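These protein sequence lines are chains A and B, in that order. Just so we're aligned: the first sequence equals residues 1 to 246 in the numbering used here. Just so we're aligned: the second sequence equals residues 1 to 165 in the numbering used here.
One thing to keep in mind: the hints can contain errors.
Said to hold, decoys possible - Computed, partial: chain B to chain A, Cβ under 10 Å:
1) Ala47
2) Gln66
3) Arg84
What the hints assert, rightly or not - List time: in silico EDC-like cross-link candidates among lysine to aspartate or glutamate, alpha-carbon distance up to 16 Å:
4) Lys148/A / Glu187/A
5) Lys106/A / Glu187/A
6) Lys193/A / Asp169/A
7) Lys21/A / Glu164/B
8) Lys201/A / Glu164/B
9) Lys57/A / Glu57/B
For the record, the hints were derived by calculation from the structure and aren't laboratory data. Small disclaimer: the values here were computed from a predicted structure and weren't measured. Built from N, CA and C at the ideal position, the CB exists for glycine as well.
So the chains spell out like this:
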Amino acid sequence: MSKGTRDRKSAQARRIVEQQKAAERRRKVTLWTAVAVVLVLVVAGGIGWGIMANQDKGTVTTPSVAVDEGTAFAVGSGPVTVDLYEDFMCPICNQFEQSTGGTIEKMVTDKRVTVRYHPVAILDGASNGTKYSTRAAGASAAAAQDGKFLEYHKVLYANQPEENSSGPDNAKLIELGKSVGLGSSFETAVNDKTYDSWATKVTDTFASRGFNGTPTIVVNGKQVEGPNNTLPTTAVFEQAVQAAEG
Amino acid sequence: MDLKQEQPTRLTAAWPWISTLARLGLAVVFLISGGLKVTDLAASGRAVNAYDLMSWETAKVVGAVQPFLEIALGLLLLIGIATRLSAAIAAVVLVIFIGGIISAWARGLQIDCGCFSKGGELTGGRTAEYGLDIARDVGFLVLAGILLWKPRTKFSLDGLLLGER
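Start from the sequences, fold in the hints, and give me the full structure.
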C-alpha cells in the first residue's frame with residue numbers, strides 16, 4: 001500500500017467517524033429537545049388544570065331565599081315557569097327588560113307565571129378588570145336576601161354602564177341599593193363580597209345547562225328565541241307563555 | 001459544479017430564513033391567542049362549551065388547560081426547540097380548531113369561535129364568520145407546514161445545540 005493511499009484511507013475513516021459523531025449528536029439533541037417539549041407542555045397543561053381545580057374549592061354562600069338549586073330568585077307564583085338568565089352588564093338583557101319587562105310584571109301580577117331570575121356573570125371581561133358582572137350579580141343576591149331583588153334589578157338596568165367601561169364601583173352599588181330602600185345588611189354584603197362566589201356558581205350552572213349567551217329566556221324548560229338566535233320580541237315571548245299554558 | 005445547481009443553492013440558503021419567519025409568526029399567534037384567554041379561564045371554558053362538543057365538566061378542563069398549552073407552545077416556537085415536533089403539535093392543534101369551527105358551522109351554531117377572544121354565543125345581530133375563521137387558521141396551518149417540511153431555522157435553540165451558525 002503506498003503512502004498516498006494510506007493517507008486517503010485514514011482521512012476517509014476520520015470523515016466517517018466525524019459523520020457518525022455528528023449523527024449521534026443530532027440524535028441526542030432531537031431526543032432530548034423532544035422530551036423537553038413534551039415536559040413543558042405537560043407542566044403548562046397541569047398549571048391550567050391546577051388553577052381551575054383550586055378555583056372550585058372556595059366556599060360559596062348561597063342566599064337562603066334562592067330557588068332552583070340555589071341559583072335563582074323567584075318572583076310570582078303562576079303555574080308557568082319563566083327562567084331568565086341575565087348579566088347586568090349585557091345591553092341586550094337591558095333591551096329585553098325595557099321591551100318585555102312590563103309584560104312579565106303583568107303576567108306575575110295576574111298569577112300566570114313564576115319568573116326565576118338567574119344573575120350570571122359572563123361579561124366580567126368587559127369592565128376594565130373591575131368584574132362588574134360578578135359584583136352586580138353578587139349585590140343583586142344581597143338585595144334578594146333583603147327582599148328587594150326586582151327593585152334592585154331594575155335600578156341596575158336603569159344605571160347600566162357601557163360595555164368596556166369600569167362600571168359603578170361598590171360604593172355606587174350600595175348607593176343604588178339605598179335608593180330602593182336597602183339597608184346596612186345589604187351594604188355589608190356588598191362590601192364583604194359575600195355573594196360574589198355565588199355569582200360564579202350561578203354562571204357555572206348556566207353553562208352546565210348548555211347556555212352560552214345572555215339573555216337566555218326559558219319558558220317551562222323551552223328556550224325562547226327570535227329568528228336566527230335573536231332576542232325574542234314581546235309578542236314571541238307572550239306566545240311562548242300562552243303555548244306553555246296550553 | 002455546473003450552472004444547474006446554482007439556482008437550488010440560492011433557494012436552499014433562503015429556506016432557513018423563510019422557516020424562521022414562519023416559526024416566529026406561529027409563536028406570536030399562539031402567544032397572543034393564549035394570552036387573551038389565560039386571564040379568564042372560566043370564560044375560556046364557556047367558549048369551549050359553546051361548541052357543544054363535550055360535557056360542561058370536560059369543557060371546563062379543556063378551557064383551563066388550553067390557554068396554558070397555547071402560551072407554552074408559543075414560547076417553545078419562539079426559542080426554537082425541537083422545531084419539527086413543536087410545529088407538528090401546532091398543526092395538530094390547528095386541525096382540531098378548524099374541525100371544531102367546521103362542526104359548529106355545519107350544525108348552524110351561532111357562536112364566536114373564541115379563537116382570539118373569550119368566545120361564547122353571538123347575540124344582537126352579530127353573525128358568525130366561520131369562513132374567515134377557517135381561512136385564518138388554514139393560513140397558520142401553512143406556517144406550521146413550512147416548519148414541518150423545513151425545520152431548520154435561524155436564531156433557534158436547535159441550531160445552537162447542533163453547533164450551527
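Holds or violated: Lys57/A to Glu57/B, with C-alpha atoms at most 16 Å apart: 15 Å, holds
Hint consistency between Lys201/A and Glu164/B [alpha-carbon to alpha-carbon, up to 16 Å]: Not satisfied, since the Cα-Cα distance of roughly 54 Å exceeds 16 Å.
16 Å Cα cutoff - pair Lys21/A, Glu164/B: 15 Å, holds
Restraint check, 10 Å cut-off on beta carbons, for Gln66/B near chain A: 7 Å, holds
Satisfaction of hint between Asp169/A and Lys193/A, Cα-Cα up to 16 Å: Holds. Lys193/A to Asp169/A sits at ~12 Å (cutoff 16 Å).
Distance restraint between Lys148/A and Glu187/A, which requires alpha-carbon spacing of 16 Å or less: Between Lys148/A and Glu187/A the Cα gap is close to 13 Å, so the pair holds against 16 Å.
Residue hint Arg84/B, partner chain A, criterion CB-CB below 10 Å: 8 Å, holds
Pair hint Lys106/A and Glu187/A, alpha-carbon separation not exceeding 16 Å: 31 Å, violated
Proposed interface contact between Ala47/B and chain A, which counts if any beta carbon pair is under 10 Å: 8 Å, holds
Against the hints set out earlier in the document, violations occur for numbers 5, 8.
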